[in-house]
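Enquirer: Construct all of the structure, not just a fragment, from the sequences and the given hints.
Residues per chain are reported as follows:
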Amino acid sequence: MRVLFCALAFCLAALPAHADLKIFACEPEWGALAKELGGDKVDVYVATSAQQDPHHIEARPSLIARARAADMLVCTGAELEVGWLPAVQRQAANQKIQPGTPGEFEAASFVRMLDVPGRLDRADGDVHAQGNPHIQTDPRNIALVANALATRFVLLDVANGALYEARHTAFDEKWRAALARWTTAAAPLRGKPIAVQHPNWAYLNDWLGLNQIVSLEPKPGVPPSAGYLSEVVTRVRSMPVAVVIRAPHESAKPSEFLSAQTNVPAVLLPFTVGGTPGAGDLTALYDDTVTRLLAAVK
Amino acid sequence: MRQETGLAAVFGCVLTGFLAYPGPVAAQDADLSAVRRQIEALKSDYEGKIRDLEQRLAKTESNTAQIAAKTDQIAAQPVAPPVAKADTKNASAFNPQISGVLNGGYTHFSDDPAGRARIPGFVTAPESSLGSRGFSLGESELSFKANIDQAITGQLTVSLNGENEVEVEEAFIESLSLPLGLTARGGRFLSGIGYLNQKHTHDWEFIDAPLPYIAFLGNQYRDDGVQLRWLAPPEISGDMFLEFGGELFRGNSFPGANPSHGKGAYSTFVHFGDDIGVSSSWQAGLSYLRTEARGRDLGAATDDGAEVFTGFDNLGIASFVYKWAPDGNPTETNLKLSGEYFYRRETGSFDTAAVKLDQNGWYLQGVYQFMPQWKAGLRYDRLASDDVSDPALIGTALDGRNGTPQRGSALLEYDTSEFGRIRLQYSRDDSLVGESNNIVRLQYTVIFGPHAAHGF
Chain A
0 MRVLFCALAF CLAALPAHAD LKIFACEPEW GALAKELGGD KVDVYVATSA
50 QQDPHHIEAR PSLIARARAA DMLVCTGAEL EVGWLPAVQR QAANQKIQPG
100 TPGEFEAASF VRMLDVPGRL DRADGDVHAQ GNPHIQTDPR NIALVANALA
150 TRFVLLDVAN GALYEARHTA FDEKWRAALA RWTTAAAPLR GKPIAVQHPN
200 WAYLNDWLGL NQIVSLEPKP GVPPSAGYLS EVVTRVRSMP VAVVIRAPHE
250 SAKPSEFLSA QTNVPAVLLP FTVGGTPGAG DLTALYDDTV TRLLAAVK
Chain B
0 MRQETGLAAV FGCVLTGFLA YPGPVAAQDA DLSAVRRQIE ALKSDYEGKI
50 RDLEQRLAKT ESNTAQIAAK TDQIAAQPVA PPVAKADTKN ASAFNPQISG
100 VLNGGYTHFS DDPAGRARIP GFVTAPESSL GSRGFSLGES ELSFKANIDQ
150 AITGQLTVSL NGENEVEVEE AFIESLSLPL GLTARGGRFL SGIGYLNQKH
200 THDWEFIDAP LPYIAFLGNQ YRDDGVQLRW LAPPEISGDM FLEFGGELFR
250 GNSFPGANPS HGKGAYSTFV HFGDDIGVSS SWQAGLSYLR TEARGRDLGA
300 ATDDGAEVFT GFDNLGIASF VYKWAPDGNP TETNLKLSGE YFYRRETGSF
350 DTAAVKLDQN GWYLQGVYQF MPQWKAGLRY DRLASDDVSD PALIGTALDG
400 RNGTPQRGSA LLEYDTSEFG RIRLQYSRDD SLVGESNNIV RLQYTVIFGP
450 HAAHGF
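If you read the sequences in order, they're chains A and B. Okay, so the first sequence: first residue is 0 according to numbering that gives the first Met the number 0, each after it adds one. Okay, so the second sequence: first residue is 0 according to numbering that gives the first Met the number 0, each after it adds one.
Keep in mind that the hints were calculated from the coordinates and are not lab data. Keep in mind that this is a model prediction, so the values were computed, not measured. Treat the hints with care, as some may be off.
What the hints assert, rightly or not - Derived DSSO-like pairs (lysine-lysine); straight-line CA-CA distance at most 27 angstroms: (1) A/K191 x A/K218; (2) A/K252 x B/K335; (3) A/K34 x A/K173; (4) A/K252 x A/K191; (5) A/K21 x A/K40; (6) A/K95 x B/K144.
Expert: Structure follows, in structure tokens:
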């Protein structure tokens, strides 16, 4: 009880300093984008880290408490957070962020989805009806989402509308320049055959023209057995790949095993902001992704 | 070029035909000029066509160059935004989410307590029986969920037990848009008291309920009534999770029965929790449930007497749960520890004997995922009760026979995916005083339908 009153006193004291928009970002990339577009007019809480698999998050009490206070959710959607976010939304009892309200922003609604399955069957592993949800691996999608997010900021916080629009224009300009830089730098990667640990790189492949020829999971989300891995080794020996890539939240073992067996370099890509020491912000995320791929492919 | 080759062939044919012409010389001159004119006509015709083709080719080439230039531009630009995806033609798109749970398995116990009190010292509900030996189908559940409109959401869960009986497990409506962090619920639902109580049995870590749940709540407390919950805002909770709730029930569920005026039970609870660093999180709770029984007759469930109870039960529960995963990423390894302490005061009369009994019980359990798809767990649970002194109750179900009902269980679980699991559980059950019962259960549980979001 004493903790409660201390907290009460502390919060009342801290009240006047509140930011204009309280944002609950489901993944680090959307937290980073919200900061880019909102500056000091937004107070961003990032619910997950790059070390966590956004499919498998516990609907923790702390998340419910943060969602209770939020003005807006900025999430991927496309069923990426289906295992935990609906529980958080229900328990948070916050009208502003319920499904269908302007306070619920789903980034995947604003990009062209890849890997939309022709049939829905759980026997095919972890399939998403609306397509592959890992849209942040293509920076062109970030530009599209930034456009929609800035519009939504203006809608929810009209008072700071001009600021959001100005920040978005500046961001868009910066992003176009960066896109041209990355696309030029990554030209040697075009058409390179690659192996992936989990098929969460569809958008990266689409952007850089990488040719994914094998996945270390027999089906999406199904951990590989020793038998399946040795099959992959045989395939990679007969049809060499330039690199095998994985995200920070995935076990290093399968890709390192493949690397040891076939001398294909195993590369850890940041996947999201904070995924590697070099991926501290949105721009650095793609700088580091391209740098790491180029270093491995050379 | 192809056009030129074609033209040469045409001229070749015409010339060949001309040289091979066998007619007289005078006629030949006239004919010759006619042929020349024809050739000239053909030639100009073809030249026109060639020019036309060349122009078209040049145009195509420049178009291709333009397209290539455009493609480069597009490659450097964001991809096109999508068109609207909603399938508005399909009337069944408004159908509720339907999910099903199937489970079944094999049970072995060394001693069948059928016909005797389940736990000496405690009068238990019929649903708390050990079940039957051998193969059996567990409860199959069907759950329907949908938003009714902008204000209300609804859920119906029906279970079919192995004896082909249908039971409404839960059927409730819940508010979607109350202000101030309030949520109201009405209908039949699992009470928010304790920690395990509001989880469906298929979400429990172990196959059966811990002893205090069996003894004090008849496995799980669910009833018809209303619930109001309030989630404290951060100004009060300081970014901590802090939820208060209250419930008013009809009161016809064990341990209550035959309520006066149809509102015989009520409860209050508070849940609170937070993170500790990035790897750990916890939740704790305090709950209180008061039920009234008026001539509760468990009849066949307790052949040992103490069948008809009239009186009140006051139950307090303290619960905690702690979860750990490296960097908060539970996919490889994770640990879940939980425990609850129950204290109950029962006042009233069994048959004709007046009683005032203080009883308590607790359980502590831990489940560790040591590698993807595999979990191992341990649980210990026990109960304690005042001794009955009334001679009328000696030898009845309420006679604890100076023992301490307790049980130890070990669990091994294999998950085929998030949606399927197979569990093997061994329990050494000393809840029947003086007679250890070795219980082995093998159970499968699968869930089909949309991916459900799980609470903490």
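Enquirer: Now tell me if each hint is right for this structure.
Expert: Evaluation of the provided hints:
no.	hint	in the structure
1	A/K191 x A/K218	holds (23 angstroms)
2	A/K252 x B/K335	holds (25 angstroms)
3	A/K34 x A/K173	holds (15 angstroms)
4	A/K252 x A/K191	holds (23 angstroms)
5	A/K21 x A/K40	holds (9 angstroms)
6	A/K95 x B/K144	holds (22 angstroms)
Of the hints listed earlier, there is not a single one the structure fails to meet.
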